[in-house]
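Q: Given next are the chains, with one letter for each unit.
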Amino acid sequence: MSEIVRIENLHKSFDKLDVLKGIDLSVSAGETIVLLGSSGSGKSTMLRCVNFMEVPSDGRIYLHGDLIGSEQNGRMNYRESELCTLRTRIGMVFQHFNLFPHMTVEQNVMEGQLTVLKRSQTEARDKARAQLERVGLADKALEYPARLSGGQKQRVAIARALAMDPDVMLFDEVTSALDPELVGEVLKTMRQLAEEGMTMLVVTHELGFAYHVANRVLFLSDGAILEQGEPQQVLKAPKTKRMREFLDGHSLFKLPD
Amino acid sequence: MVEWDFLAVFADFDLLMTGLLNTLKVTGLALLFGVPLGLAFALMRLSTNRPLSMIAAFIIEFFRTTPPLVQLFWFFFALPILIDVRMTPFIAAVVTFSIQSSAFFAEIFRGGIQSIDKGQWEGAKAIGMSYSQSMKRIILPQAVKRMIPAFMERSIELLKTTTLVSTVAYADLMFQANDLAQKTFRPLEVYTVVAVMYFVLIFVFSQLSIAVERRLARSGESTVH
Chain A
0 MSEIVRIENL
10 HKSFDKLDVL
20 KGIDLSVSAG
30 ETIVLLGSSG
40 SGKSTMLRCV
50 NFMEVPSDGR
60 IYLHGDLIGS
70 EQNGRMNYRE
80 SELCTLRTRI
90 GMVFQHFNLF
100 PHMTVEQNVM
110 EGQLTVLKRS
120 QTEARDKARA
130 QLERVGLADK
140 ALEYPARLSG
150 GQKQRVAIAR
160 ALAMDPDVML
170 FDEVTSALDP
180 ELVGEVLKTM
190 RQLAEEGMTM
200 LVVTHELGFA
210 YHVANRVLFL
220 SDGAILEQGE
230 PQQVLKAPKT
240 KRMREFLDGH
250 SLFKLPD
Chain B
0 MVEWDFLAVF
10 ADFDLLMTGL
20 LNTLKVTGLA
30 LLFGVPLGLA
40 FALMRLSTNR
50 PLSMIAAFII
60 EFFRTTPPLV
70 QLFWFFFALP
80 ILIDVRMTPF
90 IAAVVTFSIQ
100 SSAFFAEIFR
110 GGIQSIDKGQ
120 WEGAKAIGMS
130 YSQSMKRIIL
140 PQAVKRMIPA
150 FMERSIELLK
160 TTTLVSTVAY
170 ADLMFQANDL
180 AQKTFRPLEV
190 YTVVAVMYFV
200 LIFVFSQLSI
210 AVERRLARSG
220 ESTVH
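Residue numbers (numbering that gives the first Met the number 0), protein chains in the order written: chain A, 0 to 256; chain B, 0 to 224.
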């Protein structure tokens, strides 16, 4: 399978705090990779480095084999315009949706298409409608975000990212701010995307989603990948003590089968 | 016992109306130049370019901390000596109050911009929008909405401060009132009428602002829940 994203020796530190300590990852087309780890393990930072919401302190990131940025005197240099173009090709969905409250749902989904991709009004609207249809919210096109439920808002945010025709989608704890009963509709939308062949990197605490949808699960601990593999293996037969503790913490109050 | 006699005032009421018009002219022009200039100062102030930001900060602080009367006198009397230009009272008034109010508007803009949740920047950035695109399309439209009460407040303050221009012989409402009071020997009535005129003007203006605020409040609120 063709490689879409390659991450080499990714480091990120904030002031003196080393959050990522050398991460390597290759993401193939159509793969769904779930990143697990306790808070502070660096999984969100890693995700945010992929589309340069955070600029890596060291390491290289390739999209379709092309190195992002240019190297000068052993240091990576990134031009803002290059990063803006890159971000149109890597969609991102956030924990807190970050919809634009002064725009209707449809305008939210059209905004990037109009201002960044310079698509025509007609084309952007058609595309927006199609993506809203895809996430099951065609009937909400003319509402303002404030009138939607959390789950609906998050699905609009997904449609907004999809409308840019990205090569990869990043999901950063997208169900963590939702009422439990709304989590399902968002996960269902994500599973649908995975089944349609979208390449996805997902940071989540939903082990069930990881188990049923992911092709590969990564477990991050202390800024490094501690375990990775197929979900059945990593989630059911973890090799490390740290991973076992993590899983035990999650199943402490599970309903009996 | 004081005897009120408004007849003399109303006989020359057109004098006051001329003054009112001139007051509105100075205020209007100061707003016209002051608001965009204030936005420019705010954007400079927020810029990551240190020197640019510090220049803006200095200008803003300077004009916020010096008395407007001193600024007016400086532009009217001192500036013509430095650069060989003839300042009319009108130009001096417009220049002074444009810059003076821009300093305050800059702080209002800055406050408005900074009050917007950083998630909005992230949402815009994630779909490939540049800093300026995000500012123009996402941040400012929301910030301006929040700024309206402070903006109106400041505009009213500006309208009142323009009474200072009478000291450089610009025929604003206050200047015309002084003129009329001396002519008619009726200061009590003249200044009472002038006070009422200012009151009506500002009252109408602030009612208008409340209406605008209500209209704007209708669409959209928080992005989080």
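No lab work stands behind these hints, which were simulated from the structure alone.
Please note: incorrect hints may appear among the correct ones.
[As the list claims (entries may be wrong)] Listed below are the simulated DSSO-like cross-link pairs for lysine-lysine, each with C-alpha atoms no more than 30 Å apart in a straight line:
1) Lys238/A / Lys253/A
2) Lys253/A / Lys187/A
3) Lys117/A / Lys24/B
4) Lys126/A / Lys159/B
5) Lys253/A / Lys240/A
6) Lys117/B / Lys135/B
7) Lys24/B / Lys144/B
8) Lys20/A / Lys117/A
9) Lys135/B / Lys187/A
10) Lys144/B / Lys159/B
11) Lys24/B / Lys182/B
12) Lys187/A / Lys235/A
13) Lys253/A / Lys235/A
14) Lys15/A / Lys117/B
15) Lys240/A / Lys15/A
16) Lys235/A / Lys20/A
17) Lys159/B / Lys117/A
18) Lys20/A / Lys253/A
19) Lys20/A / Lys117/B
20) Lys182/B / Lys117/A
21) Lys117/B / Lys24/B
22) Lys159/B / Lys182/B
23) Lys187/A / Lys20/A
24) Lys126/A / Lys117/B
Q: Next step is simple, just say for each hint if it's right about the structure.
A: Hints, one by one, checked against the model:
1. Lys238/A / Lys253/A: 22 Å, holds
2. Lys253/A / Lys187/A: Holds, because 21 Å separates the two Cα atoms, which is no more than 30 Å.
3. Lys117/A / Lys24/B: 41 Å, violated
4. Lys126/A / Lys159/B: The given pair, whose Cα atoms are some 52 Å apart, is violated under the 30 Å limit.
5. Lys253/A / Lys240/A: Status holds; Cα separation ~20 Å.
6. Lys117/B / Lys135/B: 15 Å, holds
7. Lys24/B / Lys144/B: 26 Å, holds
8. Lys20/A / Lys117/A: The hint is violated at about 39 Å.
9. Lys135/B / Lys187/A: Given pair Lys135/B, Lys187/A is violated - Cα atoms ~35 Å apart, limit 30 Å.
10. Lys144/B / Lys159/B: 24 Å, holds
11. Lys24/B / Lys182/B: Holds, at about 25 Å.
12. Lys187/A / Lys235/A: 23 Å, holds
13. Lys253/A / Lys235/A: 15 Å, holds
14. Lys15/A / Lys117/B: Holds, at roughly 23 Å.
15. Lys240/A / Lys15/A: 28 Å, holds
16. Lys235/A / Lys20/A: OK: Lys235/A and Lys20/A at ~27 Å, within 30 Å.
17. Lys159/B / Lys117/A: 46 Å, violated
18. Lys20/A / Lys253/A: 33 Å, violated
19. Lys20/A / Lys117/B: It holds: about 27 Å lies between the C-alpha atoms, which stays within 30 Å.
20. Lys182/B / Lys117/A: Judged against 30 Å, a Cα distance of about 66 Å means the pair is violated.
21. Lys117/B / Lys24/B: 39 Å, violated
22. Lys159/B / Lys182/B: 24 Å, holds
23. Lys187/A / Lys20/A: 33 Å, violated
24. Lys126/A / Lys117/B: 27 Å, holds
Violated hints for the displayed structure, listed by number in ascending order: 3, 4, 8, 9, 17, 18, 20, 21 and 23.
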